[in-house]
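Sequence lines, in order, name chains A and B. Using my numbering, read the first sequence as starting at 31 and increasing by one per residue. Using my numbering, read the second sequence as starting at 31 and increasing by one per residue.
These aren't lab readings, by the way, just hints derived from the structure by calculation. Predicted, not measured: the structure shown is a model, and the values here were computed from it.
Chain copies aren't distinguished; within one or between two, either way the pair holds.
Taking lysine-lysine and the DSBU-like style, the derived pairs with C-alpha atoms no more than 30 Å apart in a straight line are:
| no. | residue 1 | residue 2 |
| --- | --- | --- |
| 1 | 94 | 40 |
| 2 | 70 | 40 |
| 3 | 94 | 70 |
| 4 | 83 | 40 |
| 5 | 32 | 83 |
| 6 | 83 | 70 |
| 7 | 94 | 83 |
| 8 | 32 | 70 |
There are 2 protein chains.
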Amino acid sequence: MKARVTVMLKNGVLDPQGEAVRHALGSLGFAGVNGVRQGKVIELDLAETDAAKAEAEVRAMCDKLLANTVIESYRVELI
Amino acid sequence: MKARVTVMLKNGVLDPQGEAVRHALGSLGFAGVNGVRQGKVIELDLAETDAAKAEAEVRAMCDKLLANTVIESYRVELI
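Required output: the full structure, derived from the provided sequences and hints.
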């Protein structure tokens, strides 16, 4: 079973990487970009075949390692 | 209109970041993780309201700045 985890900075947390992308897009002539937020996506290939167990395991991974839940939020999708 | 771009390393391209995550998960006791790939996700807030034009603009951004198309593939979703 495969899972995709998307980790983004929470709203209100300054995102310098996203700001850098926004500036760079402006410099390249892309007008009309009001905001950019950059996060990370992690695709996991799991041996677990039960969807509920897999999701619980991935959430535990997020809490322990993949996301810093003080400043980041995460979303888990099974694919 | 908002767009989400997901940029992943192409299959076959070595992903040291993903490997590091896989090892770390193993060290934390998460068995049964067969593979990990890490990529980035970029959420754009666009002034453009026409879906087709917005997608074309985002694809141009990806080709010029957001993805290195030699080693990375990207996916655009309008949200």
